[in-house]
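Just so you know, numbering that gives the first Met the number 0 puts 79 at position 80 of the sequence shown, and the rest follows in order with no gaps.
Read the hints as simulated data drawn from the structure, not as lab findings. Beta carbons: idealized from backbone N, C-alpha and C, even for Gly. Some clues are possibly wrong.
[As the list claims (entries may be wrong)] In silico lysine-lysine, DSS-like type, Cα no more than 25 angstroms apart, as pairs:
1. Lys-88 with Lys-76
2. Lys-86 with Lys-97
3. Lys-86 with Lys-76
[Said to hold, decoys possible] Estimated spans, in silico, between C-beta atoms of each pair:
4. Leu-65 with Ser-34: 42 to 50 angstroms
5. Trp-31 with Ile-51: 14 to 22 angstroms
6. Leu-77 with Leu-57: 24 to 32 angstroms
7. Arg-66 with Ala-46: 50 to 58 angstroms
8. Ile-33 with Leu-70: 47 to 55 angstroms
9. Ala-92 with Ala-6: 55 to 63 angstroms
10. Ile-51 with Ala-8: 34 to 42 angstroms
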Amino acid sequence: MLMLVLALAFAVLVAVFAMQNATTVLVSFLAWEISTSLAVVILAAAALGALIAGSLGLVKQVEMRLRMRGLQGRIAKLQGELEALQKEKEALAGEQAKSGEVSE
């Protein structure tokens, strides 16, 4: 929730900055040239940055979910092994108790 509030505050600051810098500029990229408002350039750059950051965050989130799924599988496997070992321990303790009774 805090990140959303901070993102909205940053978006408002960028919008105010862009509107106060509304002069026309010539933007050149490779073979293209376009004359546009500086506000449009600022807002487009901010939007592109947000899109890239969001994409990177999404990739990280997918990686973490995959890792979590693998770890949950490992936990389930280890719990199964633990239960099997506990049953084996109980069986051995029962056998030991019986052999102790027989030898007495």
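Taking the beta carbons of Trp-31 and Ile-51, is their distance inside 14 to 22 angstroms? holds (21 angstroms)
State, for the Cβ atoms of Ala-92 and Ala-6, whether the hinted interval 55 to 63 angstroms holds or is violated. At roughly 59 angstroms between Cβ atoms, Ala-6 and Ala-92 fall inside 55 to 63 angstroms, so the hint holds.
Satisfaction of the hinted span 47 to 55 angstroms by the C-beta atoms belonging to Ile-33 and Leu-70: holds (50 angstroms)
Restraint check for Lys-86 with Lys-76, where alpha carbons must lie at most 25 angstroms apart: Holds: Lys-86 and Lys-76 sit about 16 angstroms apart, inside 25 angstroms.
Need the status of pair Lys-88, Lys-76: alpha-carbon distance at most 25 angstroms? Status holds; Cα separation ~18 angstroms.
Go ahead and decide if the range 50 to 58 angstroms is satisfied by the Cβ distance of Arg-66 to Ala-46. violated (30 angstroms)
Indicate whether the distance between the beta carbons of Ile-51 and Ala-8 respects the range 34 to 42 angstroms. violated (20 angstroms)
Given the proposed pairing of Lys-86 with Lys-97, does the C-alpha separation stay at or below 25 angstroms? holds (16 angstroms)
Tell me if the beta carbons of Leu-77 and Leu-57 are separated by a distance inside 24 to 32 angstroms. holds (30 angstroms)
For the hint 42 to 50 angstroms, verify it against the beta carbon of Leu-65 and that of Ser-34. Roughly 46 angstroms apart at Cβ, these two residues keep to the hinted range, so it holds.
Of the hints listed earlier, those the structure fails to meet are numbers 7 and 10, in rising order.
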